[in-house]
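Using UniProt numbering, read the sequence shown as starting at 1 and increasing by one per residue.
FYI, nobody ran anything at the bench for these hints, they're computed from the structure.
Careful, some of the hints might be misleading.
[What the hints assert, rightly or not] Label pairs and their in silico Cβ distance ranges:
1) Lys181 <-> Asp56: 23 to 31 Å
2) Ala256 <-> Leu100: 54 to 62 Å
3) Pro208 <-> Leu96: 39 to 47 Å
4) Lys67 <-> Ser118: 29 to 37 Å
5) Leu388 <-> Arg192: 37 to 45 Å
6) Ala269 <-> Pro224: 34 to 42 Å
7) Thr262 <-> Asp384: 42 to 50 Å
8) Ser105 <-> Arg183: 21 to 29 Å
9) Ala146 <-> Lys62: 24 to 32 Å
10) Arg92 <-> Ala287: 29 to 37 Å
11) Arg408 <-> Ser109: 47 to 55 Å
12) Leu100 <-> Arg192: 16 to 24 Å
13) Asp384 <-> Arg183: 38 to 46 Å
Keep in mind the model is a prediction, meaning the values are calculated, not measured.
Where a beta carbon is used, it is the ideal one built from N, C-alpha and C, also for glycine.
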Amino acid sequence: GSVCVCDSSQSGLCVCGSGRFRVSRPVCVIVCVDQSVHLSVCVCVVMSEKLVCVADYESMAKRVLPKAVFDYYCSGADQQETLADNTAAFSRWHLLPRVLRDVSSVDLSVRVLGQRISMPVCVGATAMQRMAHPDGETATARATRAAGTGMMLSSWATSTIEEVRSSAGNGLLWMQLYIYKDRDLTLSLVRRAEEAGYKAIFVTVDTPYLGKRRDDVRNRFKLPPHLKMTNFGSAELAFSSAEGYGEDSGLAVYVAQAIDPTLCWEHIAWLKKNTHLPVVVKGVLRAEDASEALNHGVDGILVSNHGARQLDGVPATLDVLSEVVSAVAGRCEVYLDGGVRRGTDVLKALALGATAVFLGRPVLWGLACQGEQGVSDVLELMRDELHLAMALAGCCSLVEVNRSLVRRPEFTSRI
C-alpha cells in the first residue's frame, strides 16, 4: 500500500493522479495551506496490490492497524503454541476426492438452528471491531447480510445490539454472551437480543478468567479513549476505564472484575429457563463436556478454544471435532471455529462432522483493510474457495460431504 491525498472519497474509491484505486478506510484530516486557510482532505491507504487469499488480508491489516490493535486481534495465549496448531491442524488431514461426478451445479446452502443460510461459513464473535474500522460491527453486519449468512455479535462490541440489528436489516444474527456476576445485567443482554430479533444465544464457557496474552500485557492494552463497549451503561462495564497493571492487561482486569468465575452447568440450565431462544455453548473441547451440555438441554455446541487465546497447549479444534461429533451422535448441531483460513479448511471441518464454521480474525482483517467491502470480499473469497474445493472433491451438495472425504496419514518410522 501507499498513501495518497485527495479531496473526496466515494464508495471506497479514491481518485488521484491518472488512476482509480480501491482504498481502505478514509481518514479525514486538516491540512494547513497557509496561516489563514485550512483544507479538509481525505488521506487513504491505497490497496494497489490484489488480495487473493485470507493471508493477503492479514498482511495488509498488519500494515494499516496500530500495533496494539493488531496484536490484540491476532495474538494467542502464552507461547501461542495452540495458535499455530489451530491452522496447522488442517494440513494434517488430506482430502480424498471422488472423480467422474457431475459437479456442474454445487449447492453450498445449509440450515443452522433451523435458519437456511447460503453457505456453511458464518461470522464469529470478535470484540471491539471499531478499533479496526470506524463502522465496526455495523459494517460487518451489512456485509454478512449481503453474503446471506449469519453473524454472531460479541457482548463486547463497540456497537449496540440494536445498532447492529438496524444495519443487518433482516439478516441472521446471533448473540454471544458471557455470564456476568450481575445476573440482571446478563439477562438484560438476553432480553435486548430477543427484542431485536436475534435468533440464538451463544454462551461462552471457557473464560472464567482471561488467558495470559503477552502482547496485550506488553502493550498495556485497553480500548482507545474514544471507544467503549456500548452495550453497557457504566464506565467500568463498558471497559472504558480499566487500566492494565503488573502482569495484567486492562482487559484481564476487566474480566476478573465482571465475569463470574463460578460458572457451572447449573447456570446453563438457568439460562435455558430464562430465554425462549436456542442456547449454544461455545468453548467445548471434550466429548464428556459435549455429553454434559446435552444433559442440560443445549441446542448446539461450538467446538472452540477461543481462538487459542485462553489456555495455551490445548488441542487444535479440528483435532477434537470428530470426538465431540461422536459424543453428540446427531442430537444437536456441532460447529467449529479456530484456524479456518481456506475453503479446503471449511470442507475438512464439514467432512469431520461440523454443520458450519465460524470465522473470526479473517473478518477483522477484511474490515481493517476495506471496511464493509473488505468483509464482503473475505466472505466471497471463502465461498469461492469452498465451491471450488467441493467441485474438485466430487461433491455437489453438503449432503455428500462425509468422513470418507478426509484421511489423516499415519506417520511411521522408517529405518
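Taking the earlier hints as the rules, which of them does this structure contradict? Per hint list: 1, 8, 10, 11 and 12 violated.
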